[in-house]
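> Based on these hints, arrange chain L on the given structure of chain D.
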Amino acid sequence: MTELFTLKGIEQKLQKAGRKQARLYLFSNFIALMIISAYAALMMSQTVQKAFPEGGDSRKQMYMIFVLTLAGCVVFTVYAAGLFFRYKSRQIGVLMALGASRKRLLPGLMREVLLLSSLSAVAGALAGIPFVWLLWGLFRLILVDSSQMVLALDARCLLVSAAFFLLVVGVACLSAWRYLQKTNIMEVIREEHLNEPVKEPGRWCGYIGAALVLGGAVLGYSAPRLWEIWFHRYSPFWIGVFYLPVFPGLYMVMLHTVVYGWKSRKKHLYENTITRGMVKLQAKQTVNNLLIITLLIAGASFAIFYIPAGSISSLLEYKSAPYDYFYHYRLDQDVFGKEDVSKLAQQYGLSVKDWKEGEYINLAAGGILEAEDENHRLYTEYAVLKNEVRVLSEDTYHALTGQNEDVAPGTYLCLTNEKETNLFVIHTAKDLTNIVTGAHIETSFAGYAHYGLLTGIMGWIVLDNADYAVMEQGLTDEWKGRIVQFNAHGEDSYAFAGRLYDLFVDSFDKSCEHVEYYDRVEKLNAMQKGEEYWMESTELETMIRYDRRDTLEFKTSWMYHPKFRILLINEHLLIMGVLYMMFLFIFIVCLTTALIIGFTRCQTIALNNRYLFEDLRKLGASSVFLSKEVRSQCSQVFRMPAWVGMGTMYLLFIGILYANDGKITSYEGIAMLVCLGILVLTGGVVYAVYQRTVKMVREQLEI
Amino acid sequence: MLYVKDLYKSYEAGKNKYQVLSGVSFHVAQGEFTAVMGPSGSGKTTLLNCISCYIPFEKGSITIGGTKLAGEKEERLAQIRNTKLGFVFQDFMLLDGLTIRENILVPRMILGNVGQDAVQLAEKLAKMFGIGHILEKYPAEISGGEKQRAAVARSMMNHPMVILADEPTGNLDSKSSRAVIEAFLEAKEQMKATIFMVTHDSFAASFCDRVILLKDGRLYRQLEKKGSRKEMQEDLLGVIREMSE
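From first to last, the protein sequence lines are chains D and L. Position 301, counted from 1, in the first sequence is what the numbering used here calls 301; the numbers after and before it change by one each time, with no gaps. Position 157, counted from 1, in the second sequence is what the numbering used here calls 860; the numbers after and before it change by one each time, with no gaps.
Hints should not be assumed to be uniformly reliable.
To be verified - Here are the simulated BS3-like pairs of lysine-lysine, each with C-alpha atoms no more than 30 angstroms apart in a straight line:
1) 840/L with 13/D
2) 840/L with 618/D
3) 720/L with 918/L
4) 16/D with 840/L
5) 918/L with 13/D
6) 720/L with 284/D
7) 830/L with 103/D
8) 8/D with 762/L
9) 8/D with 776/L
10) 762/L with 16/D
11) 103/D with 776/L
12) 830/L with 8/D
13) 933/L with 762/L
Simulated from the structure, these hints should not be mistaken for lab results.
So here's chain D without its partners, still in its complex pose:
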């Protein structure tokens, strides 16, 4: 008996013959594992973990999109496994029909499945790390490089890869077992041709779906605030469930797309009837796939918007600042004066002009305190000593800005930028207190003054000269500060700015080594209560160290970080590089995943509808007609998710920008235009993949 004439030999030969069909399965597993491993590796790397503030929105978005990508990858691996077994089912069915028992076939099938899934998954998982290195290296080479960009991976990311690997292999084995368990052999044989139709919904389905998407987005966004207003408590962690209507809504929109399309029936009678009829036969999986593709494209869009939204506003703001150099410091620090700066400037061929300086004081401001009682009920109360605030006199403000603001005694003006987009303004203070002497005045908010350089997390206010003089009395130097601003005459020098930055940081002692949020009034309050000041135990506070002056954390969060225009502009990408590149990476990964799912879905449509296309051909359909049908079917898979995913995110993005401060500034408008341009380019990529897919499907169908 030759080895070939055994069931095992035959199984091996059939496996060899089925390599072409296994290719898509192998490819899907490989890509899924590579994407998840790469994403997990980058997400969990020390490089990214340090760059994304703990508990911050950007970190939450990164995790959220990871979950989305994971869901997408699970969908397409499960689907690729399903496709593969559909192909295998005919072989299995024939062998069963001829008398091979399930028990007999199981080992061979499991062997094949384990081999294919393990090999592809291991290869994908292993490729994930080099993929990250290569892509990150490419980013560093082409886009931005800095000491923060050095990739430091965390070995724990391998646990995620391992878990996903087990999932992929488990799904494959489960699918194999499920196919063998079908009781009706004829079903197994004909599995390849089985359809997955859905029950047709009413034509209202899509419109209700769109309303649910919109309603879910608005509800989800406003739920936390409404919760606090209605229940006087902080919103619970599960408040995100209010976004859930978005998902059934999207499903209904996709279902409507697949079943009816969006063109008017009266105007386009019987248009795309054949296409829709074919797609409807696989509607269940098609709708699921469209949903995942939409979410992934939405995730990709959201991630890529982060870059222009973050960079354009900042860069334009830096460029429009009235002075090249701006800094402030506490008076008890030994910081250089005008003469030292002039000397240094000369060394770099520059001269100092427009030098302006003025003093400010730090007071305790009253404000509304929001807290939880023992029953976790939110309550608000006015506290006389709530926050530290930096205070200028009318005269100093005039000297620095040239603006004549007349502040009435007993009132204060709050400083904000020209576009009034600075969120950290103090307008509820009714008291100001000298923290050294305990001197106190009553005050009230009288409006805004505009000077972008004097904005920050700790609020700046302007007082009437007389009030200022009263409050200044008895203050020690650690509660006083000086503001300096000047322009550099001549070719501005990056080297000069760098040197000045180093000298500036070197002139501070340890008492100023704090994060921008550090509030000495809050600390005093905590000490009086015998509590530890919460800010001191935060990760960010521990990262603010003078020897880490070139890090992202220091350059974005040090309390006295200077604003040197040339440094800010040139180093923006370096400072924000990790964040931007992570989001660029997420964009690439999500878009790739979405396109692969679209590609595999179209392949499935081709495979399942092969017989229908043959029938159409027999009925006299020309190649042109058949090509149009293929194009029409594939376009359903790519077009709607691209429109909905990108469109929804763009609208959401505009909504977020508007909701931040109740307006869209010109900078934000420019960022939106850039985002629109990116969407057009992304649409171009989707279109190119769609064209390629159509070509391949036509080849498969021999059209």
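Same frame as chain D, but now just chain L:
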């Protein structure tokens, strides 16, 4: 050889229940070539699938060579399919990745003993059915008639008690159909094969010794071949007309 007694089978689709077979009884003797005919929905294919052990039935009994199918476990049913039954399908069901020789040998491989005798038998069957020259070809490289004759050869590899054929000429032109029917006749003559064939084709059925006619899941009539093939075909057409009235 094959006994079917009082067979019942129904399907459920949603809330509806469809009675497909309602007390069908007949028997096929060894070496007999029997056809089952009837309009669409009469239960022909369901009957064949029950005999093939592909689907379970609710009531009644099927006995093949003294073995009752009801109550047998999956493993045993597979064994019965492999050793006591041979199968010929409308769409051939040859495995694309295997040569015709390998395809013919598949039932023996499942049985687990492909010796020289099996290889010789495969060649003998192939020659008998006029496909000896294409043994090394793959299914994609041969015609529909050749594929079906290969399937007939495959069905006889384990010397089955009954060959079950489901519309074996359904996908073939008249010339190929005739060649396949002749292959069955050859099998019957030379190897004393018992053949049970479901068909719509009165021409193919007219070669049979007996034709069982089903209507609405019940046995409508049985026609025995008494005269020539042509007379049998005319009788069949007459009954079919009568059934449709």
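> What are the numbers of the hints that this structure violates, sorted from low to high?
5, 7, 8, 10 and 13
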